[in-house]
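Sequence lines, in order, name chains A and B.
Reminder that position 42 of the first sequence reads as 42 in the numbering used here, one-by-one numbering, no gaps.
Reminder that position 73 of the second sequence reads as 1073 in the numbering used here, one-by-one numbering, no gaps.
The hints are simulated quantities; they were obtained by calculation from the structure and are not laboratory data.
In this text, a Cβ means the ideal position worked out from N, Cα and C, and glycines have one as well.
There's no promise every hint is true.
Claimed, not checked - Label pairs and their in silico Cβ distance ranges:
1) A/Gln69 with B/Ile1055: 42 to 50 Å
2) B/Gly1118 with A/Arg84: 47 to 55 Å
3) B/Gly1066 with A/Gln69: 56 to 64 Å
4) A/Ala7 with B/Glu1046: 22 to 30 Å
5) A/Gln69 with B/Pro1148: 24 to 32 Å
6) A/Gln78 with B/Gly1118: 47 to 55 Å
7) B/Asn1146 with A/Gly66: 19 to 27 Å
8) A/Gly67 with B/Pro1148: 27 to 35 Å
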Amino acid sequence: MSSRAAAALATVRALQSALAAEHAAVYGYGVVGAHLTGSQQATATTDWVAHQVARDRLEAMLRSAGGSQPTAAAVAYQLPIPVRNAREAVALAVVLEDRIATAYLGLVALSNAAIREYGAQQVQASALRAAAWRGSTVAFPGLTSAALAAPSRPGS
Amino acid sequence: MAAHPTRRVVLAAAAMLPLAAVSGCDGVDVLDAPPSPAPDVTVLREAIAAEQLLITWYTAVLHDAGDAGGSPTALTAVLMPLLAEHHAHVAQLRSRLVVPAGSAASPSPTRRAATPAGPGVGSAGVAFLRDAEQAAAAAMLDRLRNAPGSLAQLYASISASEATHVPVLDAAAAGTTSRVTG
Chain A
1 MSSRAAAALA TVRALQSALA AEHAAVYGYG VVGAHLTGSQ QATATTDWVA HQVARDRLEA
61 MLRSAGGSQP TAAAVAYQLP IPVRNAREAV ALAVVLEDRI ATAYLGLVAL SNAAIREYGA
121 QQVQASALRA AAWRGSTVAF PGLTSAALAA PSRPGS
Chain B
1001 MAAHPTRRVV LAAAAMLPLA AVSGCDGVDV LDAPPSPAPD VTVLREAIAA EQLLITWYTA
1061 VLHDAGDAGG SPTALTAVLM PLLAEHHAHV AQLRSRLVVP AGSAASPSPT RRAATPAGPG
1121 VGSAGVAFLR DAEQAAAAAM LDRLRNAPGS LAQLYASISA SEATHVPVLD AAAAGTTSRV
1181 TG
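Bound conformation, chain A alone:
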């Protein structure tokens, strides 16, 4: 495979991963909003819309990237944590945003400058939403502990 073909394949894979995460977030925020009231529900609605917009953008990017068929949403999703009350709904929003940030970091590693920049902007947007739900900040939004440990332990 040529390096250009390999790069195109990596781009499509990363976009599809981000799209799958956005589909899950759109579904998940529906559950989040259903368990909240007042200003928290309004925030959930705002975030839900943001994920719908991002999903549509990713689908358009996939179609323009070689006419790839965007991953479709599943009919239903297994929630990563049980949601029975407002506190658990907020916890789900945090999990959804953390997964979104990780997925968009996949775009940041690509060579396409425009997609890389869009990925970085989305990591930032997701981190802001996550911090608002969490009530605190984190040092490395989207980066897994494995990704953080790897560079300092080259011998392992």
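Got chain A; can you put chain B on it based on the hints?
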């Protein structure tokens, strides 16, 4: 730990080889002039210096908060976690930095002479930190444009972290810390 070579270092070292190969025929003599750091290394050093500057500013504001009397506890409780995250940023960035053998060693005080004035006291200090975080987040986005993939991801993550510090400092400036201590 940073003394161990990583894949990046090997790449950096490999990038130096053609330069040495074409710069002379005198064997060992070509090693006399220390090679310039690769562009990635220069940008990484700038990122480390930027984080160190933020740490200096946070420390100054925290110091003033401790001296000011009144109720420094609330502000300290807001600033300390943010400062801890900057320390984590520096540690992670440093773990990616491996200086090619023979290149100029001291990485830290790249732009010490151009260091801008420090933060003020109290609310002025918080406002200064807020603006500094916003600028730092934007600068990290600039750095990732031409960075290798994994380093670009680290810059993006740190930029996002710094972007989340801005509303925290806004809330602290407004005297409403409930959102950040939640």
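A quick look at each hint next to the structure:
Range check, A/Gln69 to B/Ile1055: Cβ separation about 48 Å, and the 42 to 50 Å hint holds. Roughly 50 Å separates the CB atoms of B/Gly1118 and A/Arg84, a value that falls within the hinted 47 to 55 Å. B/Gly1066 and A/Gln69 have their C-beta atoms about 60 Å apart, which keeps the hinted 56 to 64 Å range intact. Here the CB-CB span from A/Ala7 to B/Glu1046 is close to 27 Å, well matched to the stated 22 to 30 Å.
The hint said 24 to 32 Å for the Cβ distance between A/Gln69 and B/Pro1148, and at roughly 31 Å that hint holds. At about 51 Å, the beta-carbon gap between A/Gln78 and B/Gly1118 stays in the expected band of 47 to 55 Å. One distance hint, 19 to 27 Å for the beta-carbon pair B/Asn1146 and A/Gly66, holds here, with the actual separation near 24 Å. The supplied range of 27 to 35 Å is met by A/Gly67 and B/Pro1148, whose beta-carbon atoms lie about 29 Å from each other.
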